[in-house]
Amino acid sequence: MRRFTKTFTAVAALAIAGTAQAEDVEVLHWWTAGGEAAALNVLKEGLAEDDIGWQDMPVAGGGGTQAMTVLRARVTSGNAPTAVQMLGFDITDWAKEGALANLNSIAEEQGWNDVIPAALQQFSVYDGEWVAVPVNVHSTNWVWADKSILDELGIAQPSTWDEFVAALQTAKDAGYTALAHGGQAWQDATIFEAVAMATGGPDFYRSAFIELDEEALGSDTMKEVFDRMGTLRGFVDDNFSGRDWNLATAMLINDEAVFQLMGDWAKGEFLNAGQVPGEDFLCFRFPGTQDQVMYNSDQFALFNQGDEVSNAQSALAEAILSPEFQIAFNKVKGSVPARTDLDASELDACGQQGYEEYIAAGQSDNLLGSFAHGYGNPASVKNAMYDVITAHFNGEYDSETAVEELVTAVQINM
Amino acid sequence: MATAPTSEVITPATGTPAPPGRSALRTHLPRVVLYIILALFCIYYLLPLYVMVVNSLKPLSEITSGGMMSLPSDWTIEPWGSAWSTAQVGVEATGLRPYFLNSLMMVVPAVAITTILGALNGYVLTKWSFRGSTLIFGLLLFGCFIPFQMVLIPMARMLGLMGLAGSVSGLIFVHLVYGIGFSTLYFRNYYAAFPTELVRAAQIDGAGFFTIFRRILLPSSGPIAVVCIIWLFTNIWNDFLFGASFSDFDSQPMTVALNNLVQSSTGVKEYNVHFAGAIMAALPTLLVYIVAGRYFVRGLMAGSVKG
Amino acid sequence: MSHADTPRRSRSVDWLRDALPKLVLSPSIVLVAIFVYGFIAFTVYLSFTDSRILPSFGWVGWQNYTNLFRIRAWDTAVTNLAIFGVLYISICCLLGLLLAILLDQKIRAEGFIRTVYLYPMALSFIVTGIAWKWFLDPGIGLEAVVQGWGWESFRFDWIKDSDMAIYTIVIAAVWQTSGFVMAMFLAGLRGIDGEMLKAAQIDGASTFALYRRIVIPQLRPAFMSAFVVLAHMAIKSYDLVIALTNGGPGTATEVPATFMYSYTFTRNQMGIGASSAVIMLMTIAAIIVPYLWSELREKK
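Chains as they are written, first to last, in our numbering: chain A, 1 to 414; chain B, 415 to 721; chain C, 722 to 1021.
Hints may contain errors.
[Unchecked claim] Okay, the calculated bits of chain C under chain B, using three or more residues with CB under 8 angstroms as the criterion: (1) 779 to 792; (2) 804 to 810; (3) 978 to 990.
[Stated by the list, open to error] Listed next, the stretches of chain A that the computed footprint assigns to chain C, with coverage defined by at least 3 CB atoms under 8 angstroms from CB atoms of chain C: (4) 71 to 80; (5) 251 to 265; (6) 368 to 380.
Derived by calculation from the structure, the hints in this document are not laboratory data.
Note that the Cβ used here is the ideal one computed from N, Cα and C, for glycine as well.
Can you make the complete structure from the sequences, with help from the hints?
Encoded structure:
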């Protein structure tokens, strides 16, 4: 009992010390896996050099949705964290509530406007105010392939939809699982957006999924997209539903499956299994989207702590966008830096290619937000789209119904 | 575990000695069948644990290369060490270790207070019932059904107003509020079967409210206290939603850490470490089951009835 | 002690004695009044507002309710809860009672067996969900193992089948709580007066009759506890569904709890989430209140 009381007071004292010290940042995030958490630790140590403490508040789950729930409870109770990891429209939503701090003075001083592409600024900047700082850029329109099977079956790297279907057919005929896929809503949507981009091109994608234009949503092109999803459905094995994406990746690693459509974070799984890019596995853009980069960027939004942006907050924001951290973090995470003015020679081959493509896409208006990952439309619309896509992929709708349902879903949830 | 019932207890099935003249087989056969049935159920309950234990003792490569149901070919306890002290659950690789204390500091007071309140409520509602007490019980009970997702936001606001936001006391308070209904239910329904004459007799002897509770009801409350404590302990220990939402960086309970270990979205999933962590996280609850199980002994009641 | 003092003091003592039980009960009443019924009222109010990411107070009338009933997943969720609730509650009660009676026969290793039956409660579904998911997965779990033993035609792929997936959730849920129900019944059995049984036995009642006529009727309050606990678990089965199927395949295993969470928090449609909570509470009330009423009134 005595010991219990003692620890109790110790912890209580710690809590008081924690709140008393002004120069601390409390960071709510969902990076808890080995690599990414370790990468974040780089940031923590950097801040420690400036005597700024880091109070870690990790809440993983559901690709950040769990953390967003916690955030709402925290804000409601008047106990908002200093900085919060966020994606796309969540930032906009919180900015609308007036909960985020204005970082314009640091942005000007550091020249952020010149180094962050306009596509990303749509989210980092709300109503003319910088409210969030991007850490990295993931890209979702990648195909991963098992090289040994491709060689065995004599399949060349496909560059059009028809070639891709032919390659899948060859693989299926040879008795392999042609497409490794996990039947979870976000995975279905990740495939869907790549197919939509390949089928209708960037303009179609933009008007349908970002501008939510009803004509584009209900168009014949959209029906074609659903038809193609149906084609892909035929190349997936029977046990796909509910499978985690990394178990799908494991099917490639174990030479059971040939292709997987997944964002660039899949690379980590291959590397972790001791595979070498170019030798054991290949990565290439989804056929028909070679010029486009569909992005998903992790950002940190800073919450209002009184009228002024605190020193600790500016230090954190500055540190996140510093060239050193951008490189150090993305080397580990498998994504590319959000800043476009860096020397990428420290990244691996896949990373360097990704970085070049990211910069090029940003300049040629081919950098588009991935709606499957919250960078196309608000959460309510996104999830309503998930429902339709998943229902169609599981055979509950035919393509025609799916198109109609998609239009309705957007109407209800706008 | 002292589980052998005391000698004065009669169970319906075995109370009567077998009539003389039956063969040994006929007397023993029902017992053998009984044990076989019990053993089969043991297998049903243990199967998922088997999957977890087996996979927590394999290297990750063995799991992802298939054979998730088979025994490890290369035994290792590394995942256990990792889950305990070196796995990444935040920016620092601390494992689950530091979070155990947070959880204990929350669970122990919450369970103790809620159980005692429940016992007192049950006592009042059965032995000191008054006009409207049944209605009050009904209202308390219906409160058990309120969905937690629904209370999250208003509760956060209330905790903020009470100055309990992001503190251990706040968490204890929340668990207390939503645990009362159940603890009252258990004790009320248990005490309902308790002979009221005993209480009346003690009242005539001049015993007060608390004396009767302490001397007469409490000593025979063992089995139901076990049920109540198991329920509360398990629920509070395993709660994630409240633990994540109402804690601060320095009071996050174990489930949040376990969830962080397991639910990384775009990172490598170390299933073996996940399973080891899950079993580890359940150990305190298991310990409670085993220790509290001792009080499941029958006969306390019978003794008290005889007075 | 003066003569005049005594009656007044004893009156205040009397008052205290009368009020004491109510005083003991009052903190619980206050807490529940605010944090349960107050919050229910708040939710009812929210369900008529345009709340999205945080509560907001623009009145929109019945719009959230009309939208709710246009959402197909809500129908699925309600149907699933009905299937799941009925199966789960009845199987758990029967199994729990059976195991409690079996375990009450002076079993040698009772402590061990009881713990084995109970332990699933200790594990959080955050992780046991993965074990169950693998076990039920036809590619790697039971089906694969049995086929590996040579029974090639063995099929167990319910979790991948939209029509059957909800039943796999019943299997896992029963696994988790039936042991606890057993413990509740066991506590009830142990609370039964031994003298009464002895007397009945002397009268020559058979074992079966003994249970049916004397033991089980005395377990009625325990049944009520079990029912409330199980109904509560059925309605709140969130972790379980998320871990096992995450509502899939498609939306085949969506239940009201997952629906409510997803609309309130994931989809930023707090108004619709609140309206689904209200409908759910009303449904629960329609089922639970009559039961509690009959059960409690009889006691009186």
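Structure-based check of all given hints:
1. 779 to 792: Violated - the stretch 779 to 792 of chain C has 0 residues with a Cβ nearer than 8 angstroms to chain B, which falls short of three.
2. 804 to 810: Contact hint for the stretch 804 to 810 of chain C vs chain B: violated, 0 residues under 8 angstroms.
3. 978 to 990: holds (count 5)
4. 71 to 80: With 3 residues in contact (Cβ-Cβ under 8 angstroms with chain C), the coverage given for the stretch 71 to 80 of chain A holds.
5. 251 to 265: violated (count 0)
6. 368 to 380: holds (count 3)
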